[in-house]
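Novice: Sequences are here, hints too, so could you generate the full structure?
Number of protein chains: 2
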Amino acid sequence: MRIDDGTKRVVIEDVRPEIEGGRFPIKRIPGERVIVEAAAFSDAHDVVACSLVYRPERALNWSETPMQPLGQDRWRAEFTVDEVGMYRYTVEAWVDFFLTWRRDLEKRAVAGQVAHVDLLIGANLVREASTRAARNEAGYLGEMFTLLSATGDPAARAAAALDPKLLAVMRRFPDKRHAARYDHELAVVVDRPLAVFGAWYEMFPRSCGRTADEHGTLADCAARLPYLAEMGFDVLYLPPITPIGTSYRKGKNNSTECQTGDVGSPWAIGSEAGGHKAVHPQLGTLADFQQLRTRAAELGIELALDVAYQCSPDHPYVREHPEWFRFRPDGTVQYAENPPKKYQDIYPFDFETAHWRQLWDELRSVVLFWIEQGVKIFRVDNPHTKPFGFWQWLIEDVKQRNPEVIFLAEAFTRPRVMQHLAQLGFTQSYTYFAWRNSKSELTEYLRELTQTELAEYFRPNAWPNTPDILTEYLQVGGRPACMARLVLAATLCASYGIYGPAFELCDNRAKEPGSEEYLDSEKYQIRHWNLDDPRSLRHLIARVNHIRRDNPALQTNAGLKFHAVDNDQLICYSKSTPDLSNVILVVVNLDPHHVHSGWVDIPVEELGVGGPRSYQVHDLLSDARFIWQGPRNYVQLDPHVIPAHVFKLRRWLRSEHQFEYFL
Amino acid sequence: MRIDDGTKRVVIEDVRPEIEGGRFPIKRIPGERVIVEAAAFSDAHDVVACSLVYRPERALNWSETPMQPLGQDRWRAEFTVDEVGMYRYTVEAWVDFFLTWRRDLEKRAVAGQVAHVDLLIGANLVREASTRAARNEAGYLGEMFTLLSATGDPAARAAAALDPKLLAVMRRFPDKRHAARYDHELAVVVDRPLAVFGAWYEMFPRSCGRTADEHGTLADCAARLPYLAEMGFDVLYLPPITPIGTSYRKGKNNSTECQTGDVGSPWAIGSEAGGHKAVHPQLGTLADFQQLRTRAAELGIELALDVAYQCSPDHPYVREHPEWFRFRPDGTVQYAENPPKKYQDIYPFDFETAHWRQLWDELRSVVLFWIEQGVKIFRVDNPHTKPFGFWQWLIEDVKQRNPEVIFLAEAFTRPRVMQHLAQLGFTQSYTYFAWRNSKSELTEYLRELTQTELAEYFRPNAWPNTPDILTEYLQVGGRPACMARLVLAATLCASYGIYGPAFELCDNRAKEPGSEEYLDSEKYQIRHWNLDDPRSLRHLIARVNHIRRDNPALQTNAGLKFHAVDNDQLICYSKSTPDLSNVILVVVNLDPHHVHSGWVDIPVEELGVGGPRSYQVHDLLSDARFIWQGPRNYVQLDPHVIPAHVFKLRRWLRSEHQFEYFL
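The listed protein sequences correspond, in order, to chains A and B. Going by our numbering, the letters in the first sequence line up with residues 1 to 663, in that order. Going by our numbering, the letters in the second sequence line up with residues 1 to 663, in that order.
A hint or two may mislead.
One copy or any two copies: either way a pair holds, since identical chains are not told apart in the list.
Straight-line C-alpha distance at most 27 Å; calculated DSSO-like pairs for lysine-lysine [claimed, not checked]:
(1) Lys399 x Lys277
(2) Lys277 x Lys523
(3) Lys165 x Lys107
(4) Lys511 x Lys277
(5) Lys341 x Lys252
(6) Lys523 x Lys376
Keep in mind that the hints were calculated from the coordinates and are not lab data. Just so we're clear, the structure is a prediction, and the values are computed from it rather than from any experiment.
Specialist: Okay, here's the thing in structure tokens:
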């Protein structure tokens, strides 16, 4: 064992947050805090001091903030990140000679045992500190040195030495010659706010045509934007807009028999018209895309594009770069398979190719191309079927150039794999939310997402439906189920999304019993939607998104707490800002069939409405107001009217001593 | 981010056991297993294979054993260490092309969709494997290649390809070109069995004189050895036998007034007669020490010496190496202090000296000196007051030369510091056992020691008393308390020790109320003990140590389980070997004053005595036998007779069909 400096006596370990031994960053947005804890201790009985050090990666100097002891050798401090990009943090600790001396001097003073030599020891420490101090403090420390090293009553000089001012100055100029530093420099990726808070809408542009027969275009899609803006969405995510292959094209309802006029799956990428950097001719041109993007931006909507790294047999890559594909012994290219199912319209890349570097570079160029086109959000299709190392490299590289880029991982797979994708760099992740329907399922899952280490790096984006996922809950529950799931997604998770217009029009027809595929899925055909259907949820959605924008508590997942209700079909939870200036209390009836009522149990002290006074809960969905008192209150929800309350808590201040108003 | 090989698709993480990110080894003795778990997963849906690889550090080649999948991407395998020294282990994993192909072929076969090209793909994998295989298997694989690549009915060839024999052979010669390896090589320190299982006895040689007036010698100590052997102790630990300083020597009962004839504290090390490598003249010579050691070895007793790195003012180091001490501004050496307490008879080393390397080397030479004298066990005094890095270096270095050496850490301090000392290399550790007296305290603490990660590296040595620790429980409880604590220490912990003869003679007189110091402590004076006192526990101790040697279940802490009793003054637990061939069930009355009875709740299935038949519990302390049936049985213990049962479970086999005997 090689020891470089045997005089470093402090051990630093168990620094948190630290993901997988420091291999991966945690995530934040500007304004968020990073609360750091560490264990730091020394041998013997000397006093240890501990600092959190941090900096934006681009900064030359570290900032430093003292850590506070929590007892049992643990320490805590925090810093706030304020700019997008990468930050670093780590911990320093040292045996503090002055603090040790001062603690002992206090004990000596109490025992009446201060000797001249004790003061001389402190005097020397003060003199040394004066050489490290700035001019002003150096002068003060020089005076203190003179005082401590003079002759005269030791007790009086001890009292002077124990002056809190001396302590404060000495703390600023510690002797760090033997300081230890934690052996990992940990990272924080700071994203823009949309990484945490946003309402997403997925839509197929080709279904935006003016008539049922027409193949919609990007221009038609642009015409649909005001409808989305009215509903209050922040992001419009488009399935691939790239050219669609014709070989083995799938017909309606995923049929292997393709009929004339069938439009094919947008995920079968590439044709004579081009590959991942081209626009499907039936949708329009790059110029049309630019117009769509510009119009969206005017309405406060940002576009998200799909990144699906796979090819149709007609993709130019297949001809130009056969070395990126796997060939079978019969000379054909290996298509995608999940035996016995065959996906002959899709060629996966062979990531084990000897030419992996060129393949990676080309795939990165796809993302960089669309970034040049002004796209800053990518929804990545099935990232768990491409190597993890590839994603880590790609995302790190792209974010070094463009730290504002957001990558959403569309992986529905085993927990560890989903977590690993988030760890290696994906900004956001799809979740199991769609399949968490009961109160216990929702509670357990959301607690895991928001109250464990996952909260440091896994940012959930909750979708009640997607083009692949029409859950049995929605199939069976219809419109009431859609309403309940909308409110749950939008209030449990700061980021959520819906696939529309199927969602707002409550399309709940599955392809077949037991399937989660939509009947007549837009993945394989054009659908024409009646947006003005009176049963549409568009106004409810607008209301919900409006509430989200108005209430900071709903813009983060940090303040989520679940509360008891004596009815398992009713779920109750609150979200609040740290200062309790904004508290939202949500109650949802999870049963789409029956009216349910029950008594909710509110932790009134925690939510700032404790004490004997009444308080008001204001339902932001219905605008109804209720006067509540104490922790136990009654609720009743009819799913056929609206299955949820989204209450804003208002403290009730009225009394005979005050004017009558609500805070 | 630098990627060397993008084709490594498997991620390996969360390998356990792994202490502090792999910085520290786990501990074992020969014959013990290391059960390793890991997470390993790949992108996509390919089949992953995973191996545990391990070797003794001296070996050139790694051994390999396949890990079994536990689900959710976790894997498990184990290996057994069989020699003292250091072992290494880590994990390898790879996407297994053959296993993937075979899984898919099974599905194709079920669906009746096996094509010629599918078989050709497998044939190529088999051919490649044949180039990696040994001659015999290569021949077989060549035949299988011919079969798979031939023409003819694909279904029949698929059946042949699915032959388990082919699977078994292919598993032995996997394609590891893209294999990933976990990025830490983890370590196991393998100690000799005494590191886990041993009964220790601490005794002051100077109190072994034949008369009360006499200063005992090492020769007197040797004469005492048969007494210890009779009691069944494995280790005799001697407080420092080095020369004792005279400056500021402490008098009886730690008085600062030293009277003529006062013998001083053995921990005030060093005088004109020498320092850490000399024998105190009043005890004898190095030759006497050798005779003591030899005689002890003949009786199966090993000596443990004290390592106390501190000096009396008279130690030769003070004169020869003033640079190893801290000087005060008045030119005097800094003595040990805990203000306002002063220990002027003790000079600590200054581990922050610029000459720390020379200091470390000299301190190491002390241990090496005594190793040359045949000592292999060191009880280290207050290791937590010397730098952690020093100990890590010292122990690693010494154990590289002499892997059989055992270091016991005498640190009674905060949990994290005690754990850290064990992590950095101490073989065994003193514990908080002395202060855990109630059922809940004992249960919680022993569970922590034996059923958490601590069990991997922290080996408890339980002492009911030491020269520094006469607990209030012993003071108040007297002889019944001593009996209870003896049985608890000896059966809860595979390693335990007592400080005698104070313990077996039930000396319970404290220096003053509220103090844990013995009155007339042997630390400062000679005591003359009446070993033949009829109230001595020597015969009980002999019995307990005999039981420990006879019953393998008591020789490890792995099989400890606590069982419910409906009386809080009764504690019940069992220890068993993994195969249940030896099951010991202990019940202790924790109240030294009153008879207690209660119903114990035995997990009969777990302990192998389930079913309707009765079983016998044989009290190895009293030789009484009881017939029990089912989980709930009655016990009653009188602390004034003996406060414990140490039952051996014996399966009751008698029935009308069998001869009458106990297994």
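Novice: Now look at each hint and say whether the structure bears it out.
Specialist: Comparing the hints with the structure gives:
In this assembly of identical chains, the alpha carbons of Lys399 and Lys277 lie at most 27 Å apart only when taken from the same copy (20 Å versus 63 Å across copies). For the homomeric pair Lys277 and Lys523, the shortest alpha-carbon distance inside one copy (20 Å) is at most 27 Å, but the shortest distance between copies (85 Å) is not. Proximity of Lys165 and Lys107 under a CA criterion of 27 Å is satisfied intra-copy only: 19 Å inside one chain copy versus 78 Å between copies. For a Cα distance limit of 27 Å, the shortest separation of Lys511 from Lys277 qualifies neither inside one copy, at 33 Å, nor across copies, at 87 Å.
Taking the closest pair of Cα atoms, Lys341 and Lys252 come within 27 Å of each other only inside a single copy of the chain (17 Å); across copies the shortest separation is 89 Å, beyond that limit. Proximity of Lys523 to Lys376 under the C-alpha cut-off of 27 Å is restricted to the intra-copy arrangement: shortest distance 24 Å within a copy versus 75 Å between copies.
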